[in-house]
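**Student:** If you want the building blocks of each chain, they are given just below.
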Amino acid sequence: AQSVTQLGSHVSVSEGALVLLRCNYSSSVPPYLFWYVQYPNQGLQLLLKYTTGATLVKGINGFEAEFKKSETSFHLTKPSAHMSDAAEYFCAVSVNTGGFKTIFGAGTRLFVKA
Amino acid sequence: EAGVVQSPRYKIIEKKQPVAFWCNPISGHNTLYWYLQNLGQGPELLIRYENEEAVDDSQLPKDRFSAERLKGVDSTLKIQPAELGDSAVYLCASRTGGENTGELFFGEGSRLTVL
Numbered sequence: 001a002q003s004v005t006q007l008g009s010h011v012s013v014s015e016g017a018l019v020l021l022r023c024n025y026s027s028s029v030p031p032y033l034f035w036y037v038q039y040p041n042q043g044l045q046l047l048l049k050y051t052t053g054a055t056l057v058k059g060i061n062g063f064e065a066e067f068k069k070s071e072t073s074f075h076l077t078k079p080s081a082h083m084s085d086a087a088e089y090f091c092a093v094s095v096n097t098g099g100f101k102t103i104f105g106a107g108t109r110l111f112v113k114a
Numbered sequence: 001e002a003g004v005v006q007s008p009r010y011k012i013i014e015k016k017q018p019v020a021f022w023c024n025p026i027s028g029h030n031t032l033y034w035y036l037q038n039l040g041q042g043p044e045l046l047i048r049y050e051n052e053e054a055v056d057d058s059q060l061p062k063d064r065f066s067a068e069r070l071k072g073v074d075s076t077l078k079i080q081p082a083e084l085g086d087s088a089v090y091l092c093a094s095r096t097g098g099e100n101t102g103e104l105f106f107g108e109g110s111r112l113t114v115l
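If you're matching them up, the sequences are chains A and B in order.
Following our numbering, the numbering of the first sequence begins with 1 at its first residue and continues without gaps.
Following our numbering, the numbering of the second sequence begins with 1 at its first residue and continues without gaps.
These are computed hints drawn from the structure, not numbers from a lab.
Be aware that one or more of the hints could be misleading.
What the hints assert, rightly or not - Below 20 Å or equal to it, Euclidean Cα-Cα: the simulated EDC-like pairs (lysine to aspartate or glutamate) are: (1) B:K78 x B:D57; (2) A:K49 x A:E66; (3) A:K49 x B:D56; (4) A:K101 x B:E83; (5) A:K113 x A:D85; (6) A:K101 x B:D63; (7) A:K58 x B:E103; (8) A:K101 x B:E50; (9) A:K101 x B:D86; (10) B:K16 x B:E103; (11) A:K58 x A:D85; (12) B:K15 x B:D86; (13) A:K49 x A:E15; (14) A:K49 x B:E53; (15) A:K101 x B:D56.
No experiment lies behind these values; they were computed from the predicted model shown.
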């Protein structure tokens with residue numbers, strides 16, 4: 001079975017500051033890892049994903065995440081926050097066990113202060 | 001290319017009434033998911049379809065919830081009768097079949113309010 005834990009339901013940063021959203025996972029088989037973003041009254045959209053290969057992955061809007069197997073982590077970062085980054089962010093783990101099953105974390109709401 | 005389409009976007013009903021949500025996935029996407037998202041929570045899987053077959057419905061409360069995907073394309077999720085605790089957003093997602101990375105494409109969701 002797999003699970004996802006996002007540390008911090010709310011994160012607040014100043015515009016221009018570093019964004020760090022934490023995600024830890026557990027999985028009995030090698031997982032695929034994702035970060036999705038959700039803006040108010042919208043569905044989720046993919047920010048970035050890790051499948052295999054390079055452990056540092058880059059996504060849209062300047063976000064990146066690093067897969068650390070030894071720490072079972074997949075933290076999301078962005079060097080400089082913009083006001084438009086304010087949204088809900090979800091970490092997800094997906095495993096292929098005769099079809100992909102995707103489990104989501106509880107989410108982290110990012111606030112960006114001017 | 002059109003994305004995942006859901007309707008209605010918003011629905012307000014009184015408890016004990018029935019309600020249905022419709023989802024049309026991205027063309028060619030064999031796998032369709034219904035997720036439940038409570039306020040301030042992540043999506044929770046209700047049911048997963050591979051073409052017209054429900055391959056994972058273990059989290060679907062079958063006493064009041066039902067779903068169908070008759071021709072392996074669009075899908076309907078029904079609640080009858082609705083309870084106050086069913087107030088949530090119902091998200092539909094799809095992905096291509098076969099071996100891939102499992103990326104999901106989501107619709108905008110159907111927000112249900114039960115009074």
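**Student:** I'd like to know which numbered hints this structure contradicts. Please list them from smallest to largest.
**Tutor:** 3, 4, 6, 9, 10, 13, 14
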